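Chemist: Sequence:
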Amino acid sequence: MLTAIITVLLCLPSDFLYWMKWLIAYLVIRYNNSKNRKRFDIYQPNALGNPEKLGFLTPQIEIDLESPQSEKHLQNSIDEVLFYGVNSKAECVLIRLARYSNQLADAWIYLKMADGTTYHLEEHVNYQDSENEESLIFSCGSLRMQAVSPMRRWRIEYCGSLIKNSESDENSQEIAFVKFVFLWCASSDVYDPTLDKNIKGFTHLLASKEWKSIYPPLQQLQETINFYSQVGNLTCTVSVNDKQDYEMHLFGDRQRNLGDSQMAATFRCPILVGYVPLNGFGFHLLSNGSNHFLGLESGFVISPDGSLNVIKKTKVPDCVFPNSSQKSIVSTVNGATHEITGLLAKKQIKLQRRDGFSEISFVEFSVANKKGYGLHFVTTFKEASKERDLPSIRISRPQIVPLVVKFTDEISLFGDISGGKGSSLGKLTKLSKQNKKFSVPKGVIVTTSAYDKFMNPTISSAIEEMKNVVYGNVEGDVKHVCERVMEAVLHTTLPDGICKSIVESLHLVFDGEFEGLRFAVRSSATGEDTDVMSAAGQMDTFLGIQGINNIFHSVKKCWASQFSLTAVEYKRQHGQLLNSPMAVVIQEMVACQVSGVMFTCDPVSNNPNSITITANYGLGETVVSGSVEPDTFVLKKNGDDAPTIEELTIGSKFQKEVMDEFGGTRLEDLSEDQKSVSSLGNEMALRLGKLAIEVEKFYRSPRDIEWGIKQNNIYLLQSRPVTSRSLLNSFELKHEFNTILRCERDYFTLANVGEVMPGATPPLAAEMCSKLFAKAMQKFAFDRGMTEIFAKRIYCPPDIFYNQIVMSIPEITCRHGHDTTLSKGFLISIFGRVLEEPEIYEIAKERFPYSMKPPLFVQLLVYKELLTYTRGLDVTRKNVENYDLPFMKYETAEETFNALMKSCSDFFEPAIRHLISSGNSSHWNSILFALLVKAKGCIDADVYSDFGKILTTTSDVESAEVPSSMQEVANQIVKDIGVTKFKDMTLEEAENWLNNSNTKSRKLYQNFIARHGHRCLKEFAISSITWEEDQKDLIKLIKASVGSTKEISRKAVKSYSELFSEMSTPLSFLDRLLLRCVFQNCC
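If you read the sequence shown in numbering that gives the first Met the number 0, its first letter stands for residue 0, the second for the next number, and so on.
The set of hints was computed from the structure by calculation and includes no laboratory data.
None of these values were measured; they are calculated from a predicted model.
No false leads were mixed into what you were given.
When the alpha-carbon atoms are kept at most 25 Å apart in a straight line, the in silico SDA-like pairs for lysine to any residue are as follows:
{"#": "1", "residue 1": "K770", "residue 2": "A898"}
{"#": "2", "residue 1": "K901", "residue 2": "I60"}
{"#": "3", "residue 1": "K696", "residue 2": "I410"}
{"#": "4", "residue 1": "K556", "residue 2": "G546"}
{"#": "5", "residue 1": "K466", "residue 2": "S1022"}
Hey, can you work out the whole structure from these sequences and the hints?
Modeler: Quick look at the structure:
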């Protein structure tokens, strides 16, 4: 039946068939949209008590989308992240990373500097860092991208070699060592090309394609357009060849591609992206689309205010030329048309990718006579191979974990079983079986399962006591409680099951002959020797241990060492668990003649082209501990060729550590001949260098390797990641919380916010306060139907610079229209003057070409609130005073956190009330100013003078009342007891006198506490304590005021007639009547 229907349809005229398919596709898309919710349609400003829907916490779906995708996804789909940015200096950056099966990845890096010099990555295919599989980190060789806050902030880091091309000689190439860290911050909503963005366009696309059934290939289309984009800022520091850091600030967008990767045939896909840095206009245009849907046109236009307008139709040129300009016309679904003219290619480069290649041109263009820069991509996708990459078989974690495992056991590779050091030795042992160029001394690992079995109530009780002291829950000496835990561990007998497992495993590994051997017994905590925390030297190692009872005791000493004061403070500093599961490594010791440490990158600059080897005679402990200055080799990597020695420094070594025949180790002095020559020969140094490169490739990350040599044989004793790579630099620490810029000519102000929050605000306080007011404002706007305002700010950070909350000046200037009298009055209420900088108004008009005029019913609400905004303030104040802090009733941190998040919207009412009161107060000031201007006919000195006179006479500003009241208390103290007597009092004596003396000072002081006791310095900081709770901080301020007494003049209450008679502005009867109505609302 179905076949007959299709046959009939195919025989119909093509136009009729097209429109039949068009109608079916249209109805299917409409039905699909009504049944399926958009993936980013998450936030609901009125979802009170829901931290995810309100935006206090990142929703799990966003975390999942931003995370590296599963191996199953990679079999058929792309997992790609791409960033680009430009600025008015014609600087540009393009960074792309795509993940594939079996830990493969490919990457692009393209940097263009202001002088025309470019840097790009030559080796595009590399491996992902397997140690970051469970995190929000994407990696490809030396390139790492991390979603610090999904959909909001990313960190992009690179430390490695790039090809340098100069502007003057494009044919000359040289290798440069480049380090950069880019911080990307979202400045827009998400462009997600779901089917409701351009319904008619997608319907046409489906109708034009051949169908295999009567149902349109909707799922295939959805898989093709499975990507999303956001506009954002890129700020960074770039260092070339270890020279001074160079700062870059760029504008562009980010694309996350998760679509179908199975290309049926080779095809070309042109993309054009660009930005006008001077006004914030930009675009991201794609035509031709996928090979499944040729002719697909998608993308968006960025308005200067940050809103994204979906395109309806566009044509991206297939080629851009350096000498003949082209243009592109873009129309959006909201009816706007933009002409991109003067398209010229300034720089061109071809970048390879695993599924094809891209020809990329850095372009210059104009939009509305404003110059912009961008990139033109033409990607040629090759036909997908019929043979798919089969995922490698991974070892599954056993449900029952043995108490002891051997280095050769596959289970030893699990870090949560063997700890950081143990799992690394398991991997090294595995590599040594393949490589044959080195050996790993044999051994066993006492697992974290044994540690759990060893724990008893006595130890657990001591640990809980230590935690309470360390975390400040109870008072106590941290060192003392740490020693108590260590004593409890050492005085506990090792269970028979653990002892038996250790003995049996050692018998198996050493064929029953281990009693005469010497062992190194080392701690191996989970989280230790990882790229997050090395913990080198924080926990104990015991060398030269002989005899089974000594091994048992050393295992306990290792477990105890994680509770030493040094280890506990280190864990606190790195945010780690104080009682982390801990394994112990028992490894045969080799009496090495020379030992040391080597880094597969420069340990200071992280230059991956260098290998640093340090060496000394005997065991490696003298090098690891830093007790002697070792010999140092610096080797240079030469691609696939053998490394070469660049530098050798003979260290001032004077002793070595050797194994003692009676157990343990001892120090021996070096002979004069040994001191003056290198402990390591050049040939052996080169052998170690080659081995370092192979180990680095095996682990897929720079390594810190401990090694030893005995009778010309190399032993590798340990391999840990270099942890200094990802440390935050000073630029990041300075700018990590900064807000976004819409363009290079953006303006911000502290304005009156600086009075309430002077100086830098702690990050937690700044985020809490800004989020509270932002989310409250979004609910306020949403309830009034102003959904666009809500959508634009979902992913943008708070307006913060250098930890100070600021306000956008262009948004302030047009709050009541462009260049209106009300707007000028509003500016005076904020700045104390009308702004005269023409560029600010130019930016405001570009960003908001139409006045922000709300719907009629919203305007009516505004007028109503103008007259009634003070109503309900007393009720709100009482609600705040009676708030019972429900989140303080729980015992565990998790319960408290969950309760705190459910309470996230409890203070929306006072926040909205505060915003309404402040806004309407400023609005009344604007009306007052407008009335004075209307009466005078212009803005002049008389209007400013009368405006200020009215405000100082009629207003009662809280921020001015606090210092004047405090000074009044200080003045009365001087009258009651004098300056010297009060200043000589201790804080406790002064507090007692002010609260209990029979003086007028006591009365004024208690009145001050009653009115202003809820305040304090830095009152928005979470840790600040109010003056009422701790009066000593207030008394310090009063003591300072006592030394500089000055008279406080309380303003006299004047009648309206007196006020009008003092004004310079001529007033009619109607003016006086209107001003009487306005006076009482101004402040």
